[in-house]
Amino acid sequence: MEDKKTGKVHEAVIDRRALLKMGVAGAAGSMLLPAAPAFAADQKQPVGNFPAGVDGDSVFIGLTLDLTGPYSAQGADQQKGYELAIEQLNAGADEVKKISPLTKKGVLGKTVKFGVADAETKPNTAVQAATRFIHDNKAMVVSGSTSSAVAIALQKVCNREHTIYLPAISGSNETTGVDCQRYGFRLCYFAYTACKAIAPVLAKNMGKDRKAIYLVPDYTYGHTTYDSMKEFTEKEGWTTVGEQVHPLGAKDYSSFLINIANSGADTLVVIAYGADAANSIKQAKQFGLLDKMQIVVPYMSAFLEKEIGADIMQGVYAATGFWWTLQDKYPISKDFVSAFEAKYKAKPRDSAYIAYLTTVLWADACERAGSFYPPDVIKAYEAGEVRQGPIGDVSFRAEDHQGIINFPIVRGKKKADMANEDDYFEIIEVVDGRAALPELGVLGCKLGDYV
Amino acid sequence: MPSMSLFFSQLFNGLAMGLLLALISTGLTIIYGTLGVVNFAHGALLVVGAYAGYSAYTMTESFLVAIAVGSAVSLVIGLVVERGLMRMYYSRPPEDQILVTFGIGIILVEIVRSIYGGISLSVPTPEWGQGIARIGSLIYPLYRLQALGIAAATLAVLYYVLYRTSLGLIVRAGIEDSEMVNALGINVKRTFLLVFGIGAMAAGYAGVIDSPIVTLSPDMGHRVLVDSFVVVVIGGVGSFPGAIVGGIIAGEILSLTSMFNPAYSHVMLFVVMALVLIFRPQGLMGQEGRE
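Chain order of the listed sequences is X and W. Anchor point for the first sequence: position 311 equals 1253 in the numbering used here, and the numbering is continuous, going up by one each time. Anchor point for the second sequence: position 93 equals 182 in the numbering used here, and the numbering is continuous, going up by one each time.
Mixed in with the good hints, there may be bad ones.
[Said to hold, decoys possible] Per the computed footprint, the stretches of chain X lying under chain W, defined by three or more beta-carbons under 8 Å from a beta-carbon of chain W, are:
#1 1008-1014
#2 1085-1099
#3 1194-1206
#4 1244-1254
[Claimed, not checked] A few chain W residues that face chain X, going by a derived Cβ cut-off under 10 Å, partial list only:
#5 Leu95
#6 Ile221
#7 Thr304
#8 Ala352
I should point out that these hints are in silico values taken from the structure, not numbers from a laboratory. Here the structure is a predicted model, which is why all the values come from computation and not from measurement. Positions of the beta carbon are idealized from the N, C-alpha and C atoms, including for glycine.
Using the sequences provided together with the hints, build the complete structure.
If you want it as structure tokens, here you go:
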């Protein structure tokens, strides 16, 4: 791995004998199957960093993670997910093969190397980092994001550079809506799917006659989540009282909270994410709002439960990408949670899970394409092959490159009901990711050309 | 149209928020106003103080100990930074001072992140500050009211120390002509060291006072730095009454604008700052020509 801050390069060691075996096997395979796609590279026109980025024995992934800024906790968790996936890919681990049966060791026999850059939760910084990865490191894929503003900016620049980009967390409808790109593939659940799934659960458990006010971060994620939540809760009979739009990274929420207290609403929908969510909810409690209002979190950030504590979180309904107790139901979840715990001595959150799975599915797309040639890899993604991930079926939709992925709706447990210090939530429902997707065209996606 | 009760609630909140902003800006005002150094590490020093206070609180469950430890740690860091680095930068151009303090800020924040991680931490409200006060129709956290009093008292004490004692006189004379002050037998370097330390301590102290209100995250210093600059620019460089006036104006703009359109509250703050810079560049209570 190359760390942009220290300049140190680390790489997973590949066993020389194994490499020779792969080479011999590959040569034998090529004699038997002269048209095998893995050896079709010579016939391809250069696209992006292909073939220069894969002419050695390794392939490089550039990770643009929000390691500083209001989403830094999620960025740090993502890094762990990527590192685990890359380690398992390079080792040819069984956990990876369960998700991607074609994968052997590395990706198409090449060792996966990676570099990490801090996107600082800022689009400009992220774009500079991605550009360095693409030009200096010949990255074949760029991945990582928590802020949708970062994800959308990266997706555009990577599309221009003909380099595949994989957002990690990105909640905005626009990422695979009006700002979708041929070279971008978002795996995680997002505003539309989260709100469509959580609204009926809320109506069933909290009633249909609710008056909701929203705390909305002032950028694409906040606005599109507000739009979707408003749409789906109003279909259930809720009334929208208004929205309090705050800047990303706001420190003092008192003026917004006074407006909320005077709004007559009985439900506070917190769209704020990361440190902003924790900060605003803490201050809402100080203003006595939580005694008379119920909180809902339609797109919950990793670690929110830890940041605000079980006393505030109890009874709160939230959508999230992953919760570790899913391991009780899904064997592949158990593999992931166990491997993560063994490596990091902590339970994974959804940011690590998405980072892990998006990396493995990229490897799977390359293996299915039989090549790193970007248009072939994109077509492999678009083939819609369904794989078994930690929460069951997972694939991508060809028309907008949105991941079709299941995700849980959770409710905060009372402190007394927690079996251990990480047992914050009970899983109310595992949402069918396919059913939650918007119909094609609703979000305005128009993919560009392959080359 | 907002109701009168909401208007008065926001008006009061603007005052309370404004004094907190003034308190948070204090460290910047002291160092900028006396030494003429634009301290971009101000936000980071506040973060260091807040996290040190958090550790002290976790160990002792005493908020007073947290205040003492947070202030002391920031003071020591301030003294070390001044003695080891800043002293060499007083005579250098402002851009050099900005770069070096910016770098110090990054180092401090990353040290905090490496120790505490990026997950938000929370200092609970001290026992004596828990609960809610009712002022007419306004429901307001008791601790915020107390913080308002703490901010006012702290500003008064600092004003007295820096402007009504010989220390303040020496500092201001030293800025004008350090060689002459030295020739009079006064150790100017030691005085500058002390002032930089007090400025750093004020930042750390404000961080601890603020910590029961907000959650702590390593990057919270960025917003603090921006807010502090707005307060100092509006109020006037180096003017303590100016910092208070700047803070209250900033608080009122944020609070009152949010009644009409919350999305514009921070925009309005910068609009007002721009207007002040255009029509009164030295700030509302700053002195013309003061560097």
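Now the hints, each set against the structure:
no.	hint	in the structure
1	1008-1014	holds (count 5)
2	1085-1099	violated (count 0)
3	1194-1206	holds (count 8)
4	1244-1254	holds (count 5)
5	Leu95	5 Å, holds
6	Ile221	5 Å, holds
7	Thr304	4 Å, holds
8	Ala352	4 Å, holds
In this structure, the one hint that does not hold is number 2.
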